[in-house]
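Engineer: Below are the chains, spelled out letter by letter.
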Amino acid sequence: MRLSILAKGLTMGLLGLTALTGAAYAQTTVKIYMGQLYAPDSDPRSKETMDAIIADYEKLHPDTKIEPVPWLGGDQSTYFAWLSTRYAAGDEPDIGWSHYYTRNAEADRWTALNEYLDGPNDYIPTGQPGHDKWNDEFFDNVKAQIRAPDGNWYQVNTNWVETGLFINNDLMKANGIDTNWASWTDFIKSCKDLKAKGIQPLGVFATPGWSTDQWLDTLLISAAFADQIPSWHLPAYENPFMKDRQLTPEEMAKATHDGKFSTTDPRFDTFLDLTKEVTDNCLVEGFAGITSLDQIMNLFFNDKVAMAWLGTWNAPTVRDTAKFSVTTTYFPPFTNENSKYLTQPTIYRVGGPSSSGQFGISSGAADRGTLDASVDFLKFLTAPAQAQRIAGYDEGNLPVIKGVEPAEVAKGFSAISQLPERGITDAVSRYNGEQYGTPHNRLLQSFMLGEISRDEMKTQYQALLDKAVADQCEANSWDWCNQ
Amino acid sequence: MTSVAIEQASVSVPRSRLRLTSRWVPFLFLLPVAAELIIFRYIPTFSAFYHSLTNWDGRKKDAFIGFKNFTDLFNDNVFRDAFVNMAKYTSLRTIAVLLFAFIAAELIFSIRNERVRMFWKIAFVIPLVVPRSVIYLMWAFIYDPQVGLINEALNLIGLGAWQQPWLGQSSTALGALAFIGFPFVSSLAFLIFVASLEGLPRDIIETAQLEGCSIWKRIWNVDLPMLRGGIVFVAVLLILEGLQTTEPQLILTRGGPGTSTELPAYYLYRTAFDYGKFGQACAVGVVMLGVGLIFTAISMWLRYRSAYDVD
Chain A
1107 MRLSILAKGL
1117 TMGLLGLTAL
1127 TGAAYAQTTV
1137 KIYMGQLYAP
1147 DSDPRSKETM
1157 DAIIADYEKL
1167 HPDTKIEPVP
1177 WLGGDQSTYF
1187 AWLSTRYAAG
1197 DEPDIGWSHY
1207 YTRNAEADRW
1217 TALNEYLDGP
1227 NDYIPTGQPG
1237 HDKWNDEFFD
1247 NVKAQIRAPD
1257 GNWYQVNTNW
1267 VETGLFINND
1277 LMKANGIDTN
1287 WASWTDFIKS
1297 CKDLKAKGIQ
1307 PLGVFATPGW
1317 STDQWLDTLL
1327 ISAAFADQIP
1337 SWHLPAYENP
1347 FMKDRQLTPE
1357 EMAKATHDGK
1367 FSTTDPRFDT
1377 FLDLTKEVTD
1387 NCLVEGFAGI
1397 TSLDQIMNLF
1407 FNDKVAMAWL
1417 GTWNAPTVRD
1427 TAKFSVTTTY
1437 FPPFTNENSK
1447 YLTQPTIYRV
1457 GGPSSSGQFG
1467 ISSGAADRGT
1477 LDASVDFLKF
1487 LTAPAQAQRI
1497 AGYDEGNLPV
1507 IKGVEPAEVA
1517 KGFSAISQLP
1527 ERGITDAVSR
1537 YNGEQYGTPH
1547 NRLLQSFMLG
1557 EISRDEMKTQ
1567 YQALLDKAVA
1577 DQCEANSWDW
1587 CNQ
Chain B
2 MTSVAIEQAS
12 VSVPRSRLRL
22 TSRWVPFLFL
32 LPVAAELIIF
42 RYIPTFSAFY
52 HSLTNWDGRK
62 KDAFIGFKNF
72 TDLFNDNVFR
82 DAFVNMAKYT
92 SLRTIAVLLF
102 AFIAAELIFS
112 IRNERVRMFW
122 KIAFVIPLVV
132 PRSVIYLMWA
142 FIYDPQVGLI
152 NEALNLIGLG
162 AWQQPWLGQS
172 STALGALAFI
182 GFPFVSSLAF
192 LIFVASLEGL
202 PRDIIETAQL
212 EGCSIWKRIW
222 NVDLPMLRGG
232 IVFVAVLLIL
242 EGLQTTEPQL
252 ILTRGGPGTS
262 TELPAYYLYR
272 TAFDYGKFGQ
282 ACAVGVVMLG
292 VGLIFTAISM
302 WLRYRSAYDV
312 D
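In order, the protein sequence lines correspond to chains A and B.
The first sequence runs 1107 to 1589 under the numbering used here.
The second sequence runs 2 to 312 under the numbering used here.
Keep in mind that a hint or two might mislead.
Label-pair distances were calculated between CB atoms; the ranges are [stated by the list, open to error]:
1. A:Thr1135 - B:Asp63: 27 to 35 Å
2. B:Leu303 - A:Asp1577: 42 to 50 Å
3. B:Gly291 - A:Asp1350: 50 to 58 Å
4. A:Asn1582 - B:Phe65: 19 to 27 Å
5. A:Gly1179 - B:Ala36: 28 to 36 Å
6. B:Ala88 - A:Lys1301: 36 to 44 Å
7. B:Phe68 - A:Arg1560: 32 to 40 Å
8. B:Pro45 - A:Gly1179: 50 to 58 Å
9. A:Thr1184 - B:Asn78: 26 to 34 Å
Hint data in this document are derived by calculation from the structure and do not stem from the laboratory.
Remember, predicted model here, so these are calculated numbers, not experimental data.
Positions of the beta carbon are idealized from the N, C-alpha and C atoms, including for glycine.
All chains, full assembly: derive it from the sequences and hints.
Structural biologist: In structure tokens, the structure reads:
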């Protein structure tokens, strides 16, 4: 009798254990890296909100565990080094943050999301954009910009960034500087007036890596080649939703291949003239020895520069830190006085999808069996209900999901976001890879400092353009490459 | 009673087994270290030799491409500049660190009072615990053109015209990086020199003093020759450090302005982690290894060439 009870107990126990083990094996763990959207140490609100979102999801899907990796801190190169190492070890997050241009340049690391984006997103209420077709919930201009040269989408964007000129009003008023500029020429004159009074005008820095000079660079080069850029568009990338758009790496490569974008073009001299003018008159002294936006903000907060070119993501810090009156505005338009190749007075906005909300799924997720769960969580995360919760603490980014409102501090950038799109994008993504952006920045840095002559700069730059085209043709085998 | 038991036990163990055990014990203790070295040092090094001949992207691509990575490297002016910068940076830093650390060590050595000497040794060594990244960030403030200590000091003493954007122009950036940590007293070099000086036979020092030898003559004829091993050791470390330096570039200059502060290790870092060209990064590593070995061999030759302490 006793033995029988013991045997039954053992059998039940074994069965229970098997069931438990089975359940444990059935559970899928999705590892996610959300960048600054999950930064428990520096932003407790991000942890509170994301943990709540994850808990809600896990309640709906008890068989899935979402494991967020906290923000690594440091600058982006730290993260990309970490990510590369993880990839080499086959231990990268299933859902990861990255810049769209980096992702598109390393497409084999990420999953093409097209088929999922064409499908429904059941986390969006019926009748709302995105319910029937997930892709419909995102802004069309954003989708157009993040699309890879091969036609795929390797990420979804939940938000967008803009940049603006932050002005120390008190300093300007005390020195009698009028900031109601009608043109770029007026802006340069204000810079000269500030310098004459011993005040450093504009906080912009330039390094071989990423820097805010890249923004300036795109404004100037877009103004210099303004009349040519539309003719470089290729039919494959035309988008009815984007009147103005940035050239894709293929369009840049083809224009370079055809000799339309070259250093022998007089427009390139206009670009160099504009660069030299703004460098000599406006940029803060030592701009080439500054490596971070934080240093620029310190100079701004300590009255060492009158203006700083910052991003929407800096707006909450400026609001909370500046001890003087700050106006957020933008540069005035270039006119024919600055570039005779402009068809009308124009200033371009510098913003884009390089924001906190750029998420893609690792190509390794399919091998690990976490792809479906990753797609499902991404659908949940990008549904307006969740995106609005994130926008509540991620104040410095403008949501680009239909039906999601920006935070109060980011609303001031709405007018800037209506300005035309620059035709030529940042150097780091211009030819689909930082290996072309870094040498570009080096040459520009040397030219701006007067350390290499114009002719030397042009010779070296043309060699760089030719190499970029040759490499891109080899990597992509575009039809026109052999023509 | 216990000792007798042990004696009996040891007697009962066969002689051959004892010899075998004692022969293998040291190797057993070495095993964890050897495993660590093999797994984390030798295998990656030999793997780098292989991958330097491939187009490895750190993940899937890994096709054999012969010596293309090496030809691409030597055709890249940034890579060539990196090696020239490395030579300048390492020379400057090696000379400066050896000189100042040696002077500091001699000053400490000349203090008679044991307690005072100990106080200064501790005072000089304590900053060694500050993390390097913090030191670089501190020097970013020291070199800052707007609010930096150097420019402010120059302004205070009426030399405002000498103010410079130290890290913001090619002519001063590399030198500025080399002088980070000045006056270099809080360094391993200082510790080695102090220890070596204190280890010098007192009778030689006293004989020199009795013979009327001046301090300068003693330093030149006694201290320097007897510290030769330590000096060469520190020099080798500094050369290898010069080859491997990436932190100041990451924190202070990103290799700029232009290519003025680019160094081979930072070039390797960017090639691997920014550009995803792991195969080419391995080629950089192989070249660096070769250069490191050559410099180390030269230094060792200098160390042992007609040295007093070597037969």
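Engineer: Decide, hint by hint, whether the structure agrees.
Structural biologist: Right, here's what the structure says about each hint:
In this structure the supplied range 27 to 35 Å holds for Thr1135 (chain A) paired with Asp63 (chain B), their Cβ-Cβ distance being about 29 Å. Look at Leu303 (chain B) against Asp1577 (chain A): about 44 Å separates their beta carbons, and that is inside 42 to 50 Å. Roughly 52 Å separates the CB atoms of Gly291 (chain B) and Asp1350 (chain A), a value that falls within the hinted 50 to 58 Å. A hinted range of 19 to 27 Å for the beta carbons of Asn1582 (chain A) and Phe65 (chain B) is consistent with their spacing of about 22 Å.
Checking the proposed 28 to 36 Å range against Gly1179 (chain A) and Ala36 (chain B) shows it holds: the Cβ atoms sit about 33 Å from each other. As the Cβ distance of Ala88 (chain B) to Lys1301 (chain A) is approximately 38 Å, the hint placing it in 36 to 44 Å holds. Restraint check, Phe68 (chain B) to Arg1560 (chain A): a C-beta distance of roughly 36 Å satisfies the suggested window 32 to 40 Å. Judged by the Cβ atoms, the range 50 to 58 Å given for Pro45 (chain B) and Gly1179 (chain A) is violated: they are separated by roughly 27 Å.
Checked against the hint of 26 to 34 Å, the C-beta distance between Thr1184 (chain A) and Asn78 (chain B) comes to roughly 28 Å, which is consistent with it.
In this structure, the one hint that does not hold is number 8.
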